[in-house]
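Asker: Listed below are the residues making up each chain.
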Amino acid sequence: MEGRVTVAEVKIRSVWKKYGDVEAVKGLTLDCEDGEFLALLGPSGCGKTSTLRMIAGLEEITSGDIFIGDRRVNDLLPRERNISLAFENYALYPPLSVFENVAFPLKAKGYSSEVVERKVSEILKTFGIWELRNESPMHLSGGQQQLVSLCRCLVKDVDVYLLDEAISHLDTELRAYMRSILKGMHQDMGKTFVYVTHDQLEAMAMADKIAVMNFGELQQVDTPENIYEHPHNLFVAGFIGEPPMNFLRGKIVMEGKYYFVGEGYRIDLSQGLLDFQLVKPGREYILGMRPSEIDIYTTPGEDEELVEARVFVYEPQADHAIVTLLLGEDKVIIETPDVRELEPDTKVFLRFNLEKLRFFDPVTGDSVLQIGYKGDKR
Amino acid sequence: MREVLKVVNLKKSFGKIKAVNGITFSCNEGEISVILGPTGAGKTTTLRLIAGLEQPDEGEIYLDDTIINDLPPFRRSCAMTFEDYALYPHMSVFDNIASPLRAPVRRKQFTPEDVRRIVVETAKLLEIDKLLDRKPSELSGGQRQRVALGRTLVRKPRVFLLDEPIAHLDAALRHRMRAEMKRIFGEVKTAVVYVTHDYLEALALADKIIVLRNGEIQQTGTPQDVYFKPTNVFVASFLGDPPMNFLEAALVRKDGHVFVKVDGMLVSLGEDVDLDLSRKVMLGIRPSDMYILKGDNGGGSGIKVTIRTIEPLGNRYIVTALLSGGKMIKIKLEHRPGVAPGDKVIVGFLPSDVHLFDAQTERALWHGGESNRG
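As they're listed, the protein sequences go chains E and U.
If you're matching positions, the first sequence starts at 1 in this note's numbering and goes up one per residue.
If you're matching positions, the second sequence starts at 1001 in this note's numbering and goes up one per residue.
Please note: incorrect hints may appear among the correct ones.
Taking lysine-lysine pairs in the PhoX-like style, the calculated list, with each CA pair at most 20 Å apart, reads [stated by the list, open to error]:
id	chain 1	residue 1	chain 2	residue 2
1	E	K156	E	K107
2	U	K1124	U	K1156
3	E	K356	E	K280
4	E	K331	U	K1182
5	U	K1124	E	K331
6	U	K1108	U	K1182
7	E	K347	U	K1182
8	U	K1304	U	K1294
9	E	K251	E	K209
10	U	K1327	E	K125
11	U	K1294	U	K1254
12	U	K1294	U	K1332
No lab work stands behind these hints, which were simulated from the structure alone.
Turn these sequences into a full structure, and let the hints guide you.
Answerer: What follows is the structure, encoded as structure tokens:
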């Protein structure tokens, strides 16, 4: 096929995108390996869609280079890049049926009607919209139209698939279901996917690698598990995970043992493995702890120092519970498998999982315990 | 506990659409009753009927044992907050919160000093007492939501009506506001009717959950009841993420025990199970109640599946697997699953976690673990 490359990796090198004075993408350097599912994740305005549109050739690159395989694609037209696109906003042909919409790119490539029939039927069934094949797109809900658009994108045989918020209009339950369908599809195809989303669960669920962006800058690029366990800064730490990570402000202090001392409480760190090359006693830090990394007890510890707190409110979730606590001046959220109701103002005792300690610099927001960071932060 | 609000056989149609189709429930003082259901279930219509913004076609609404069907909204002692807050954009936070106290019907009740005292007290409770001079446009989403709540609280109504009050907030703020609302409502001891489509919100807040679908009540009960003893397939699958797995199954009797036969596996339900064996049934099992047994020659009882995808979600993993016939099931684990796509494994579960439903009517027939959960 024309323009076909054998290794379809996407390489982004020092790419800037400016709209007048607005810097949408600031010096982005990022790789998506051949066959990899890369998620570009961030809040609106972070530059993720601009990045995708530059890969697609729909936006000009202000400076820097983008490669697909070994070809520099900066000056190639979208149709010369051997890519396929799915947008948040469908762009279906209203006079054509669902089936014809999905068949359109295949027919344009000159596939036999037999092949078209087979491929289109297969993909419509995979995404659960076979029953809609004869409908006009105008009669479909937003979510259904989005699935048609997604099918039309994936039915093509190209090097790189570019998807922008491709399932965002589905309701929550169907979106969760489609994550596994799309992920399975990617596994079967073994092709390169670049997927833009603001939804951290979508990125975590599907991607081999997540690039977290904010204000046009790359924050971290890593596997979903590393992004969750070892966020490189406060932004990534707070953006990933629900309920969100707790942030506690305090100082590392030597009081016979090492403690993290916050407003009105202290946490015994003596059982944790702290590298004092990185974490300096006497300095202020923000301690990041996920709700599932703190255990809650109703009696004080016997041979260990637990941290006293008071119950603010208890929220049962059937098979687990979420408890908001007052810890000194701070509010802390805890997820616990213990489903015994705790009345407001009950005194409780906390054990922090010291294997999970994450310290952030309160000025820069950067993690001071960076494990395995390989990303290029410009 | 004292019953404050009661609706009896309430009906409301819009043209041919039966939005609310004969619902009956009651709400007690100091309790949060959550109306839970998908879009189009009739939740908001129910709330608007109680508030007096819609007139019912049939049925009665009682407030403290008095029928209020014919009272105008402002005489009902029901305060409603809306999904979009509906704050006055030109007024300060103070004036927004004070507005119900200055309404013509109450103007004579409160002196300006009363108004100031009540507004400041309420704002302190909601932690917005430093924002009283701001305009709504200068506030964040969460702050606006609190102002709307404050405006509702100052009326000291008998009933609070809340329609998806935190649906628009981002995840972090939603968690914080949910906790704070629960705490605030715990302190004010009014009856609360809270509408949501989010089952986790319902479980977190509710003393009582009323599950609504197509204008009809599917189940009323405590959060524990509704989650562990769902009355039908709809309730069982609506409360859960991923939803409960449903598998075609048959009942058989062997050696005095009743077994469910599912995908060639026999699950014992025990000796004293009283079920009509000729009935077609569906076995329901929650993704979090399943576990993976490695290798398909383990000999243990279980269902043979092929792993399709694994979604790492941080504190949990969702595994999608296919049965031999192509049927898809979900398994939720709290640890790394240790399997890869394409692996053939056995999945198991405990009889105490099984739910059985009639395949035709979709009604629940039997819940495992019912006896020990009470």
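Asker: Against the structure shown, which of the earlier numbered hints fail to hold, in ascending order?
Answerer: Of the numbered hints, 6, 9 and 11 do not hold.
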